[in-house]
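Peer 1: So you can see what is in the structure, the chains are spelled out below.
There are 2 protein chains.
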Amino acid sequence: MNPLDNIYVVLVGTLYTGNVGSACRAMANMGIRHLRLAAPNLQNSWDEGERMAVHATDVMNAREEFASFEEAVADCIAVVGTTAREGLYRQHVKAPRDCAADILALASQGKVAIVFGREDKGLLNEEVAQCTHLVRIPVDEGYTSINLSQAVLITCYELFTASGRYEPPHEKAPPAVQAQKMQLMKNWANMLCGIGFMKPEQTDHFMQGFHRVFSRGVFSRDDAALMLGVARQALWAADKAKNANPVKEGDNG
Amino acid sequence: MNPLDNIYVVLVGTLYTGNVGSACRAMANMGIRHLRLAAPNLQNSWDEGERMAVHATDVMNAREEFASFEEAVADCIAVVGTTAREGLYRQHVKAPRDCAADILALASQGKVAIVFGREDKGLLNEEVAQCTHLVRIPVDEGYTSINLSQAVLITCYELFTASGRYEPPHEKAPPAVQAQKMQLMKNWANMLCGIGFMKPEQTDHFMQGFHRVFSRGVFSRDDAALMLGVARQALWAADKAKNANPVKEGDNG
Numbered sequence: 001m002n003p004l005d006n007i008y009v010v011l012v013g014t015l016y017t018g019n020v021g022s023a024c025r026a027m028a029n030m031g032i033r034h035l036r037l038a039a040p041n042l043q044n045s046w047d048e049g050e051r052m053a054v055h056a057t058d059v060m061n062a063r064e065e066f067a068s069f070e071e072a073v074a075d076c077i078a079v080v081g082t083t084a085r086e087g088l089y090r091q092h093v094k095a096p097r098d099c100a101a102d103i104l105a106l107a108s109q110g111k112v113a114i115v116f117g118r119e120d121k122g123l124l125n126e127e128v129a130q131c132t133h134l135v136r137i138p139v140d141e142g143y144t145s146i147n148l149s150q151a152v153l154i155t156c157y158e159l160f161t162a163s164g165r166y167e168p169p170h171e172k173a174p175p176a177v178q179a180q181k182m183q184l185m186k187n188w189a190n191m192l193c194g195i196g197f198m199k200p201e202q203t204d205h206f207m208q209g210f211h212r213v214f215s216r217g218v219f220s221r222d223d224a225a226l227m228l229g230v231a232r233q234a235l236w237a238a239d240k241a242k243n244a245n246p247v248k249e250g251d252n253g
Numbered sequence: 001m002n003p004l005d006n007i008y009v010v011l012v013g014t015l016y017t018g019n020v021g022s023a024c025r026a027m028a029n030m031g032i033r034h035l036r037l038a039a040p041n042l043q044n045s046w047d048e049g050e051r052m053a054v055h056a057t058d059v060m061n062a063r064e065e066f067a068s069f070e071e072a073v074a075d076c077i078a079v080v081g082t083t084a085r086e087g088l089y090r091q092h093v094k095a096p097r098d099c100a101a102d103i104l105a106l107a108s109q110g111k112v113a114i115v116f117g118r119e120d121k122g123l124l125n126e127e128v129a130q131c132t133h134l135v136r137i138p139v140d141e142g143y144t145s146i147n148l149s150q151a152v153l154i155t156c157y158e159l160f161t162a163s164g165r166y167e168p169p170h171e172k173a174p175p176a177v178q179a180q181k182m183q184l185m186k187n188w189a190n191m192l193c194g195i196g197f198m199k200p201e202q203t204d205h206f207m208q209g210f211h212r213v214f215s216r217g218v219f220s221r222d223d224a225a226l227m228l229g230v231a232r233q234a235l236w237a238a239d240k241a242k243n244a245n246p247v248k249e250g251d252n253g
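Listed in order, the protein sequences are those of chains A and B. With our numbering, letter number 67 in the first sequence gets 67, and the count goes up by one each step, no holes. With our numbering, letter number 79 in the second sequence gets 79, and the count goes up by one each step, no holes.
Isolated chain A (complex conformation):
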């Protein structure tokens, strides 16, 4: 099974539907689709929520509502509280990245609640005391107040990336091998002499600079083929010009 299917985002005492909608979109981005509202205290209509959810209204519409925190997490085998503050009950708090793997391991065994507090007051001490795990999102100490849906995003993002369900992008063209890179240097040296950029005796000197650029810039077979094509074409164009209007070396007229 996919452990992300056992992750339940629980929003406690949320005030604004826009944050619920934004949270739904963030959850959908990260492959997490179960939303629970515990004792919601919504101050505005669902119009704003729907606007912010965009195409994640299915997540929002499938939400479950509970009268209390306790009821919303009763069937969960782990309750992960998110907190921005330090304090008595908050000593064993971890960064989300540092506990994402543990949380996913639990989620492979049963439902896991990830709990987010009120926009203005966060989670109450008595709620924090009911959590089996606590996480705090890394923020700059100069501005620690993070938006509710942004907190949901970071936490879900860490679970999603830790789940290994995302394949990081990778260069599609296969890497160039050394022989191809050396051929590239040789053909460029020929071309640079052929077009009069340098004299044959300057080859070693100038090629050091091109080697520096190419060693950083030419990675794939496609890169190497592209730059080989430049050398070929430049020589062709230079030869064509010479044939059309022949000039002898050292001829100034």
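Bear in mind the hints are in silico, worked out from the structure with no lab data behind them. You may find that some hints are simply not true.
Any copy, or any two copies together, can satisfy a pair, since identical chains are not distinguished.
Unchecked claim - 20 Å max Cα-Cα, derived EDC-like pairs, lysine to aspartate or glutamate:
(1) Lys240 <-> Asp102
(2) Lys94 <-> Glu50
(3) Lys240 <-> Glu167
(4) Lys240 <-> Asp120
(5) Lys186 <-> Asp204
(6) Lys240 <-> Glu141
(7) Lys94 <-> Glu141
(8) Lys94 <-> Glu48
(9) Lys94 <-> Asp222
(10) Lys94 <-> Glu167
(11) Lys121 <-> Glu64
(12) Lys172 <-> Glu141
(13) Lys94 <-> Asp223
(14) Lys181 <-> Glu126
On the provided structure of chain A, position chain B as indicated by the hints.
Peer 2: Same frame as chain A, but now just chain B:
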């Protein structure tokens, strides 16, 4: 210097001030404070932007505006484009976590632009072609459309965490040493016999279970002291009851 001070978030052709405000708050959370708008195409008033920025209006008010993408990044030594799509110019895209260290290294040498496209169309191909680096945020393939300010948050979060400027929370109480843990087991065995939970000959059997619980649950000196206190108090309470109302072992009256 702090490389985050050389990070410039560049929003291109942004439509909604609310996204600008949310982006400012996300940036402030992650210690990044330079905002540039390139050819903004704002469809609503700054009221919404100020509402979403909350206390990060200083970031928003210090924004610089430019008529074009080119002008907004002209003084940057690296231009990191964010893209949700694959395609011709997008082959060498990386996940933000995988290039955060490289970006910070560049930011220690000069200004680095992190560029975010329009809400509806992202970055145009001709803009992507001007980027020196491309990043794509990991998202679930079932719902890849990420909100602009959420994209800003994830990217800034990865730079912030990679900058090492955040000290992850850690357990404040020092870890318990093995001798203290073994004392705990011994005192609990005495107590459990003393309160009649088990008979002395059952000690090995039952203590396996307590060992399992304590080895997972008792980590710090404070944890161990707490559980040692329970053993002491339970024995004291049991002795007191026995003295007040003496019962002989096996006495059923």
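Peer 1: Pop the pair Lys181 and Glu126 into one bin, within, between, both or neither, using alpha-carbon distances up to 20 Å.
Peer 2: neither (65 Å within a copy, 29 Å between copies)
Peer 1: Is it within a copy, between copies, both, or neither that the alpha carbon of Lys94 lies no farther than 20 Å from that of Asp222?
Peer 2: Between copies only: 18 Å across, 44 Å inside.
Peer 1: Evaluate Lys172 and Glu141 at a C-alpha cut-off of 20 Å and name the case that applies: within, between, both or neither.
Peer 2: The answer is between: 19 Å across copies meets 20 Å, while 40 Å in one copy does not.
Peer 1: Which holds for Lys186 with Asp204 at a C-alpha limit of 20 Å: within a copy, between copies, both or neither?
Peer 2: For Lys186 and Asp204, the Cα distance is within 20 Å only inside one copy (11 Å; across copies 78 Å).
Peer 1: For the identical chains here, do Lys240 and Asp102 meet the 20 Å Cα criterion within one copy, between copies, both, or neither?
Peer 2: neither (68 Å within a copy, 44 Å between copies)
Peer 1: Go through the copies and call it for Lys94 and Asp223: within, between, both or neither, with a Cα cutoff of 20 Å.
Peer 2: between (44 Å within a copy, 17 Å between copies)
Peer 1: With 20 Å as the alpha-carbon cut-off, assign the pair Lys240 and Glu141 to within, between, both or neither.
Peer 2: neither (65 Å within a copy, 52 Å between copies)
Peer 1: With 20 Å as the alpha-carbon cut-off, assign the pair Lys94 and Glu141 to within, between, both or neither.
Peer 2: Within one copy only: 16 Å inside a chain, 29 Å across chains, cut-off 20 Å.
Peer 1: Checking Lys94 and Glu48: alpha-carbon separation at most 20 Å within a copy, between copies, both or neither?
Peer 2: Answer is neither: 33 Å inside a copy and 34 Å across each miss the 20 Å cutoff.
Peer 1: With 20 Å as the alpha-carbon cut-off, assign the pair Lys94 and Glu167 to within, between, both or neither.
Peer 2: between (26 Å within a copy, 11 Å between copies)
Peer 1: First find the shortest C-alpha distance between Lys240 and Glu167 inside one copy, then the shortest across copies, and answer within, between, both or neither for a cut-off of 20 Å.
Peer 2: Neither: 49 Å inside a copy, 64 Å across copies.
Peer 1: Please sort Lys240 with Asp120 into within, between, both or neither, judging by C-alpha distance up to 20 Å.
Peer 2: For Lys240 and Asp120, neither the intra-copy (75 Å) nor the inter-copy (49 Å) Cα distance is at most 20 Å.
Hints 1, 2, 3, 4, 6, 8, 11 and 14 from the earlier list are contradicted by this structure; the remaining hints agree with it.
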